[in-house]
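Residue numbers (the numbering used here), protein chains in the order written: chain S, 1 to 316; chain G, 1001 to 1344; chain B, 2001 to 2525.
Hints were generated in silico from the structure; no laboratory data involved.
Not one of these hints is a red herring.
Label-pair ranges, simulated between beta-carbon atoms: (1) S:Pro43 x B:Gly2034: 56 to 62 Å; (2) B:Gln2400 x S:Pro43: 22 to 28 Å; (3) G:Pro1095 x S:Arg56: 50 to 56 Å.
Some, not all, of what chain B presents toward chain G, calculated at C-beta under 8 Å: (4) Val2045; (5) Ser2046; (6) Lys2208; (7) Asp2237; (8) Glu2250; (9) Trp2406; (10) Leu2423; (11) Gly2424.
Derived lysine-lysine pairs resembling DSS-like cross-links, with alpha carbons at most 25 Å apart: (12) B:Lys2140 x B:Lys2164; (13) B:Lys2388 x B:Lys2290; (14) B:Lys2453 x B:Lys2463; (15) B:Lys2402 x S:Lys59; (16) B:Lys2495 x S:Lys59; (17) B:Lys2388 x B:Lys2349; (18) B:Lys2388 x B:Lys2340; (19) B:Lys2295 x B:Lys2453; (20) S:Lys59 x B:Lys2238; (21) S:Lys59 x B:Lys2388; (22) B:Lys2189 x B:Lys2140; (23) B:Lys2103 x B:Lys2116.
All values reported here derive from a predicted model rather than from experimental measurement.
From the three backbone atoms N, C-alpha and C, an ideal C-beta is built for every residue, glycine too.
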Amino acid sequence: MRGGRFVAPIREARGVPKWVLWSGIVITTFFVILALFAPLISPYNFDEYQTASGERFGKQQPPSAEHPFGTNVLGTDVLARVIYGARTALEVVLLAVFFSLLIGLPLGLMSGYFGGKQDRVLVLIMDSLFAFPYLLLAIVIAFLLSDKIGQGVFTAAIAISVVYVPQYFRVVRNHVISVREESYVEAARALGAKPGTVIRKYVLQNVIQSVPVIATLNAADAILTLAALGFLGYGIQPTDGAEWGYDLQRAIADAGAGIWWTGLFPGLAIVAMVTGLTLLGEGLNDVLNPVLRRRAIQDVVLPAQPAKAPVEEVGV
Amino acid sequence: MAGGHHTTSLRTYALTRLALALPMIWILLTMVFVLLRVAPGDPISAALGGRLSPEQLQARREAAGYDEPLIKQYFEYLGNVVTLDFGETIVDNRPVTEVIRQNGAATLELTIAAFLVSLAVGIPIGLLCGRYRDTPIDIAGRLFGIVVYAAPVFFLGFLAQIVFSQWLGWLPSSGRASPVTTFDLNTTTNLYLIDSLLSLNFPAFKDVLEHLILPATTLGLVIGGVFIRLVRVNVLQTLQGDYIEAARARGLSERNVVWHHAFKNALVPVITVIGLQVALLLGGAVLTEQTFNWPGIGSELIRYLNNRDYIAIQGIITFFAVLVVIISLLIDLVNAWVDPRVRY
Amino acid sequence: MGRSLRILLLTGAALLVLAAAGCGGDDGGGGGGGTIVHGTTDQPVSYDPAGSYDLPSWNVIYNVIPGLLSLPPGGNQPEPALAESCVFDNPSTYTCKLRDGLKFSDGTDLTAEDVKASFDRVNRINDTNGPSSLFASLYKEAGKVTGQEVEVVDDRTVTFHLNKPDATWPFIMTTGGGGIVPSEYPANKLQPDASAVGDGPYKLAEYKPGEQTVLEKNDDYYGDTPKNDRVIIQYFDKSSALKLAVENGEVDLAYRNLTPTEIEDLRSADGLSVVEGNGTEIRYMVFNTKLAPGKDLAVRKAAAYIIDRQAIADNVYNGTVQPLYSMVPQGIAGHIDAFKTMYGATPNKAKAQQALQAAGVKTPVQAEIWWTPSHYGDSSADEYAEIKRAFDGSGLFKVQLKSTEWDQYSEAYAEDQYPIFQLGWFPDYPDPDNYLTPFYSTDNFLKNHYSNKEVDRLLADQKASTDQAHREQDFRRIQTIAAQEVPIIPIWQGKQIAAVRDGITGVDQTFDPSFQFRYWLIEKS
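Hey, can you work out the whole structure from these sequences and the hints?
In structure tokens form, the structure reads like this:
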């Protein structure tokens, strides 16, 4: 039943929503593969600056056979940094979405279901966080954490997840509140089911439906936030990993000197990955959201007529 | 929203929301204070570390009172906020309110211009996409919206600078106005476009406009991309409404139906979503300001962050927090006035 | 919908017409006639001499609020400026006689009272960002003024009673902290920046924080009239924006802080040229002499043989810095290339190996080297990567690079947490004392536990002597010992570099060890 809720609409999708969804899937899968198999796909490591024999690649070299995307100011290969950048992006975003869900989902469930004073306080706190310009919040938190636990994937992920927890909380809570009033839930409670059971069996399953869309769209946003943090210098250091936003920041100084390859490729990578995730999210939304869903028009097939019993003629 | 809630009067709703806004502001203020005091580093080491001996640095830190108990500092902070005394920045002795006023005006000018651009881009395209759902127009429009939003504003800005400033030389690459114009301009409101009009200084007006085009368009495009999606979804939902069916049944032309009924109603919910975009705009403004050297409050915040000037940071973030709360309060009130179902 | 749309379109059209009306006016690029536009990424802290210790603030103070003495263009010894003559009565007493008829830019007279008020307030205010620590030889305690330190002998004569002999006192008076302000300036707090008053070639016409500072020619100045009427200092957040601006002609000269890549590219740009001069900013690597491996003299010597300064200057900085062979940089009187003499100008692996073998040190030597990512600019990463390559490449060292942000770094290095670490120095004034005492005295800033009695004696000796030749002898001796004991390896010395549009002259004249940017020499043809 659970799988069916997702798979059936996807299979039924027709026309534009189908293409949106599938292009999203293709692009996202492409980047996931890049990320997972980076060491196998990438010609060099992200911080490699010389060949095995010790010969340096050279700084800011234009694209060539050995370096299809050229090299950057640190003397490392741009293609390698783009590929490993996908890995960093995926790591951070998965962690961030995981953290946000870990905190936002249970809080939203409890708060929505039980209501009361805790609910009001939580709503207030979450609304405050939600109202805050997300980038500033992420910057301040990244800046704070960077001194305690150093700048790295974890710091970036935590900074980003703090920004998105309120969103998950809100959506889940609203969903829970509407589900809570449904008659079958009332019936279950009347029958004496414990809150835990009710939540688990009815509410959670219902709520889980909206999570994939939110998570995907949030992932897209998270990549942009990560790039922004990297651009401002609060992201991941180049020696610890490749991050597109940081590379873009160094590339800006290059652009004025006519060195376009250090900035164009990381920038395009960001655009592509975010577009892919957005298409995936929008596609899922189009396909799963009953309001927007357009069912495929299927031919009506009447059941086979049973053989008619012979009518006995009665003499008139 | 399921269940039978009676709709309360607008006044009750407004008062309730106002009453809620205050604790919200307090929570934000406390968050800001805690975050900053936990922050590493201090402005003295940031500025003079390495130039003075460690003993001299410590002596200066003590003289400046950075070692006082946190609780005392917290209540001082709250008291100052209430009296709107945000103090002076540590690294350049400017009253924080002056920073907010001067640089805030620059950011305001940028965000308003960007907002206008985003409306001009987002609404027409969104309407078209909704109207011609699933046609090539819709696909192109949606794709445009998605790709433009997916491009980080600093990437778009950097491309814009290369093309329009370096290669074509049509527009200046940074700043609010050229150096001489900035000096000549008689600033009263600090919104340079308005100031140049007020003093009838047309060369200055042209200069300021030229400097505003690239940053406003870059940021506006990105936000516009979000609007396309929002407007489109609203149009789709509206077009499925019963009254639309009724209008069609009455024999009204499709054009009539779409323009006079659907669009107007589709745009109303957009107003409420605009409130959410303000937070987005402010965040985007920081990045745009960094890219285009726009002396707005976002740039100043980054500069003060790098210098660990916690008084400045506190003041600026407090200002942002309060601003966002007020704006969302206003949006909610407008929303409630328009749609009584929202009030609780 | 139709009505409002029409109104909107009309308004837009009206605005465009207005903008077009602005055509034909000044195109806004670069200053016209007598206005010089200087683009920079440095932002000032305060224009009150009592409130700043940073270069951008001091740059304006030198031009608007000069002091009794100054460093002449191209020279490296203090000369009388507002003062007519200054002399050491004895190593602890310094008397200056003011010129006759001096007036501040607001028309009031400049007398000895103003001089006393200016110095006293620096120490009394003891501002967090201020230069009070520079006046340690004059005031016993920061924040406290007895009133006896600066004596007003008569209307035009002032005597400074130092609390210990200090031969560098004239240099200290040439810094921004020595600017003479009217005694009407608040005695207990800073003067607002926009109301800065002094007796300099310029007066402050306007200050818009974060945007620009405007200086205008001061007609009341006693000295030579500036070669331009007005200077606009325009602030940029990012050097890439500054570079585009100087290429487009939006600014006349770009000075501080273009990256090496940007400068490299500007060298071949049209309509402008790159002007260089000896700089006095230095970078170096410090050994904590109590921690391994720095505690072995042999290791330090080996490192001094291996380090490849030229590779760093060329590969990392594109020639915008030059190799440094002593903590006292080239251009400062008393400098000698001590490290070049002792260790050579190019890496010498053989000698390094010899030194390690002779001391019985096992190779490769494990070395943990620390650096900080943003405080000294983005190139720090590249610089230390380059150092690691040289050290590892010799086969004698195995380097592990580590970094932390400045907040933690600035405390950690002084607490014995880093065996080998990166640092930089920005001089207060171009006297060798300012490059030696902070680093080689027993209680030095670096807290690396280096101590040498002979060096301490020599440092005290030169400070107390007013005979320049004698001081230089002391300096040479100190630098030689420093090279022998190698607690610090000097790496590079920055050049002063500016991108200057064609038609602008005078920039090369002001590029000297004083690090003062003298706007009055800049001319636009």
